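Engineer: Each chain, letter by letter, is given below.
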Amino acid sequence: MLLSVENISKSYLVKDPETGKKMPFWALKDVSFELEKGDCVALVGTNGSGKSTLLKIISSIVTPTSGWVKIQGSLAPLLGLNAGFHDQLTGRENAYVYASLIGIKRKELRQKLDEIVDFAGISLFLDTKLRSYSNGMKTRLAFSIVSHLKPDILLADEILAFGDKQFQELCLKKMKDLKKSGTSIIMVQHNEKLIQSICNRTLLLKNGRLSDPDFN
Amino acid sequence: METLRSIRKYSEFFWTFTWRNIRLQYNNFWFGLFWGVMQPLLMSAIFYIALNNSVGVNIPQYFIYIYSGFIFWSVFSGSLSQAYVCFLQNDDMIKQIYFPRFLLPITFLAGKLPDLLIALVILMVTLVISGVDIQVGWFLIYSFLSLIQLLLVSIGSNLLFSVICVRYRGFQVVYPFMSQAIFFTSSILYNVSLSIENEWIRPIFEFNPISTILYTFRLGIFPEDGQLVKVVLFTLYAMVICALGYIWFKSEDKNLIDRL
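Sequences listed follow chains A and B, in order. For the first sequence, my numbering puts the final residue at 222, and the numbers step up evenly by one. For the second sequence, my numbering puts the final residue at 261, and the numbers step up evenly by one.
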């Protein structure tokens, strides 16, 4: 088993508007599931149902109020895609900074840089400062770096919503390739057609609780 | 243990971010280095001109005295002034990618170390030129000890104030005052042990972390001015500051993201 999430709960203190007392608000409550090698899980749920919080807890950015996450293997987050990028650095410099953040060795990146830059389609702008990149270009660069990592687990938070259609298709193809080579994926996704084409399981979050996990 | 393991795993991250900080602050690595070396020199020159005939009268080799002070001060305050706001400034990244967060405030200290080494070389040249009679062995031992103290104190303060600043945003307004308070209550410009007569206040000034570091370092240049016992005490003191900063940081680290 690659990943097991056991009874994760996360509460925030909110002030009750009527009584003025601080009350715990449960963003996640008793969420448990397991992920096997090669699984691709779609995480669905309405806004505010706890999808992003769950991904952040899995990638240990946020500490859960209670519960455990056990991970065996490497994990690559695709949460906010441009996080860690800085406008005053060039594309190449940002690539190295970003890689170091998600744990890719400099040597490894050097070997794959051409491939990564090609995939992102930014070869011409590699030594230009990021401030003149479009949002799409930044997203493509980040996705390209992470997806060339071949992680054991990939967490993707609505990333396919970025970029143009052409790049979305490229992303989808890349994710399918990753899945074929053994990467397990958890993605936040609302597009049912897309879910059916790549995911083998769906997790539905409702008000922080996992609803019937095999509803489809 | 977990801390040590993550240091090894993320060592490339550490150095890449050290480089990134320098790159972002100065846009040009060499200018950054140049300015890092020039700033304490210029400050020492200004204060030497201003104070040599008043405060400086009782201190032999006053320029060397304050220059040694500024070398350590510029590393300490230069790194702290960037580190204490680092989580607020990089909140985007911290909310979305996991990495051992305690490394980030420390990268700012690492970025100042090249300046420090060059400045120490300049100081040694100054020592030779002005003909101060130093015993090289003791000088090196005390320099080494004071560097260790500086690293410990700096790591502790960077960690401590980086999380304090997340919890209490108002700290950003207090910081400039705090920085100046530390500066003027330390032995950078004058010898606190000799100048402060009040017996209650003197120990407070003497235990200003910067004073303790300078006490140790200057003992290598002016060996008759102090006792070895105090150096040992001050080294332990620096360890306590470092441990305190780390423990405080760890207790805040758990909920850091919820506060950003």
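Quick caveat, the hints were computed from the structure, so don't treat them as lab data. Quantities reported herein were computed from a predicted structural model and do not represent experimental measurements. Wrong hints could be hidden among the right ones.
[To be verified] DSS-like mimics (lysine-lysine), calculated; alpha carbons at most 25 Å apart, straight line:
(1) B:K96 to A:K35
(2) A:K135 to B:K255
(3) A:K212 to A:K76
(4) B:K96 to A:K156
Engineer: Would you mind marking each hint as holding or not holding in the structure?
Structural biologist: Taking the hints in turn, this is what the structure says about them:
no.	hint	in the structure
1	B:K96 to A:K35	holds, 21 Å
2	A:K135 to B:K255	violated, 35 Å
3	A:K212 to A:K76	holds, 23 Å
4	B:K96 to A:K156	holds, 23 Å
The structure is inconsistent with hint 2 alone, although it conforms to all the rest.
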